[in-house]
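Engineer: Working from the sequences, and respecting the hints, build out all of it.
One line per chain: the protein sequences are A and B, in this order.
Residue numbering for the first sequence follows the working numbering, starting at 232 and increasing by one per position.
Residue numbering for the second sequence follows the working numbering, starting at 4 and increasing by one per position.
A hint or two may mislead.
[Claimed, not checked] Restraint ranges, calculated between C-beta atoms of paired labels, are given here:
#1 A:K457 to B:R211: 21 to 31 Å
#2 B:K191 to A:K279: 22 to 32 Å
#3 A:S400 to B:E189: 10 to 20 Å
#4 A:K247 to B:G15: 27 to 37 Å
#5 B:A128 to A:K279: 50 to 60 Å
#6 A:V262 to B:A243: 43 to 53 Å
#7 A:S256 to B:K220: 25 to 35 Å
#8 A:L416 to B:P216: 26 to 36 Å
#9 A:P450 to B:A128: 17 to 27 Å
#10 B:N175 to A:K263: 51 to 61 Å
Calculated directly from the structure, the hints in this document are not laboratory data.
All residues carry an ideal CB built from backbone N, CA and C; glycine is no exception.
Each chain, written out:
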Amino acid sequence: MKIAVCLKRVPDTTAKIAISNDGKSIDESGVKFVPNPYDEFALEEAIKLKETAGAGETVVIGMGNDATAETLRTALAMGIDRAVLLQSAGSPDGFEVAKALSAELKDGGYDLILFGKMAVDDYNHQVGPMVAELLELPCITTVAHLRMADNAVEAEREIEGGIELVTCSLPAVLTCDKGLNNPRLPSLKGIMAAKKKPMETRPVTMGTGGLELLGLALPPERSAGKIVGEGPDAVSTLVNLLRTEAKVL
Amino acid sequence: MPAVLAVTEQRGGTLRKVSQEVVTAARTIADGLGATLDAIALGTGTLAGSQELGAAGADRILTAAHPDFALYNPDGFAAVIASIASSYQVIVFAATATGRDLAPRVAAKLGQSCATDVTALTVDAGKLVVTRPIYAGKVLQKLRLNGTPAILSIRPNTFAIAQNARAGAMENVPVPSFTQRVTVKEIKAAATATLDVAEAAVVISGGRGLKDPANFKLLEDLAAAFGNAAVGASRAVVDAGWRDHGSQVGQTGKTVSPGLYIAVGISGAIQHLAGMRTAKVIVAINKDKDAPIFKVADYGVVGDLFEILPRLTEEVKRLRAEH
Ligand SMILES: Cc1cc2nc3c(=O)[nH]c(=O)nc-3n(C[C@H](O)[C@H](O)[C@H](O)COP(=O)(O)OP(=O)(O)OC[C@H]3O[C@@H](n4cnc5c(N)ncnc54)[C@H](O)[C@@H]3O)c2cc1C
Ligand SMILES: Nc1ncnc2c1ncn2[C@@H]1O[C@H](COP(=O)(O)O)[C@@H](O)[C@H]1O
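Structural biologist: What follows is the structure, encoded as structure tokens:
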């Protein structure tokens, strides 16, 4: 079983985000970067599947700036076998990202290619299914439960008001959602071992794509809340305001 | 004549409500471009409710019928839409479980980009300009869609359904041959709520302050009093196994934009806010007057939820009965 995981380096979700002077990027100073949380489910699943199979290879592929090497090293410390760093400034256009990753994945002979369901920076939810389409592979998105059966997978994905049961054969592309597993933390031994694991680095160039970034803005501040009152006696005031002021009742 | 395509969704042969939102948003785009609007419905035959798409603004309603289209068929649906895509300047999806899966497949098939989860849009000099929340809603990204067709998905509950009646002429479109790589076998209905938090007009969410899973009954009673409400949850209570993950609101759960969001016994962690800060009106009930949830709440009540909720349910019931 040969498994690839695509991993993105993203700002920690608790980080305070400020916009740079160019108005088109975020100010990265003082921002802590982490592996995209959904990609951690993908990493864990890859490691587990190889452990279960007792043989195979797991590869993590990350595209980004040089600091991405550190994020890939975390994946190696969790237990991934080797890493590929595609050096690039990145793009807000998921299709450009998908094209660059597909070129790397195309002749890799992977049985499974795993993604996160979305990157928590750009919220695109699209690179996985786009790569699948470009490589003409079956694809199941937002997988929350996975069963492997002879050369096929059976997955559960959450939809509005229910769960979809979906199957496909291997090789396949899956995007991982919360619930799939509990990602392990790198052990001290893992961290030491990771230092010796191979990491290839290659530059990639990105096209401009069909999405033109016009600018970033902070959302309008929600007008500071008003405390209607304390205790159950405030309920009538609240209901009144909801009816006459907010007009939602 | 330029044209816009709205991709609708069905469940069990009936059109989903979000489809009307897609048609409404697509109508705005079509008017901005001076274009006609087609809505496409994919199923085993004509879908219940598809006639209503004319009222929301569709000039034509296209039906793509196939025996394997009872449930979502990713490869089949993508093939149908790709086969007619060259007639359209813009293709609009819903950012639902289905739309988020389908839109990028169609885009990649056509060699185009895709803007996901759009919350506002305008047409500027013949091009679509969209706004979408990124970084868990902490930043708004503005994009111009330069490709043809421009492909986007709109966030549910964001574009209010408008009546904008057009002819809504029914037509069939052929289903091209396609390679089915993925099969949706069945849908298992969720154990709890039928109304999804991502789509309900009112969402009432509970957190650790509820103390015990059984106390969610208080929220369900309030939801029942509203009638159009769904019960959501913070991650803390989902992780504790009190509620289904499907009802989790926040960064690792669902993003909701209801008309009214009531947070009960929820502190308002940044990851929770990521999922609900775009709600139109936010109410918070919390015994800690310094809880961060009050910073985003339009209306806050400080106090014990166990005393406040029954009163609130009673008042809402009374009001509903009066109107
Ligand atoms: C990567 C990551 C992703 C996450 N994703 C999510 C997510 O998607 N959704 C999410 O919700 N969280 C998420 N979290 C967790 C988040 O950080 C918080 O831990 C969580 O939201 C807290 O849940 P809570 O508000 O229910 O609990 P608490 O923070 O414990 O708050 C309980 C609140 O109840 C109040 N209270 C207690 N008793 C009463 C009473 N009798 N009457 C009134 N009020 C009372 C308290 O004052 C308190 O404010 C995520 C965290 C991380 C690190
Ligand atoms: N720059 C990148 N490098 C590696 N993987 C990426 C990159 N961007 C996105 N991905 C993968 O694609 C998934 C979905 O990202 P997105 O479509 O941007 O929300 C992520 O969870 C990653 O698995």
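Engineer: Take the hints in turn and mark each one as holding or not.
Structural biologist: Against the structure, the hints come out as follows:
{"no.": "1", "hint": "A:K457 to B:R211: 21 to 31 Å", "verdict": "holds, 25 Å"}
{"no.": "2", "hint": "B:K191 to A:K279: 22 to 32 Å", "verdict": "holds, 24 Å"}
{"no.": "3", "hint": "A:S400 to B:E189: 10 to 20 Å", "verdict": "holds, 18 Å"}
{"no.": "4", "hint": "A:K247 to B:G15: 27 to 37 Å", "verdict": "violated, 45 Å"}
{"no.": "5", "hint": "B:A128 to A:K279: 50 to 60 Å", "verdict": "holds, 52 Å"}
{"no.": "6", "hint": "A:V262 to B:A243: 43 to 53 Å", "verdict": "violated, 31 Å"}
{"no.": "7", "hint": "A:S256 to B:K220: 25 to 35 Å", "verdict": "violated, 48 Å"}
{"no.": "8", "hint": "A:L416 to B:P216: 26 to 36 Å", "verdict": "holds, 29 Å"}
{"no.": "9", "hint": "A:P450 to B:A128: 17 to 27 Å", "verdict": "holds, 26 Å"}
{"no.": "10", "hint": "B:N175 to A:K263: 51 to 61 Å", "verdict": "holds, 55 Å"}
The structure fails hints 4, 6 and 7 (numbered hints given earlier, in ascending order).
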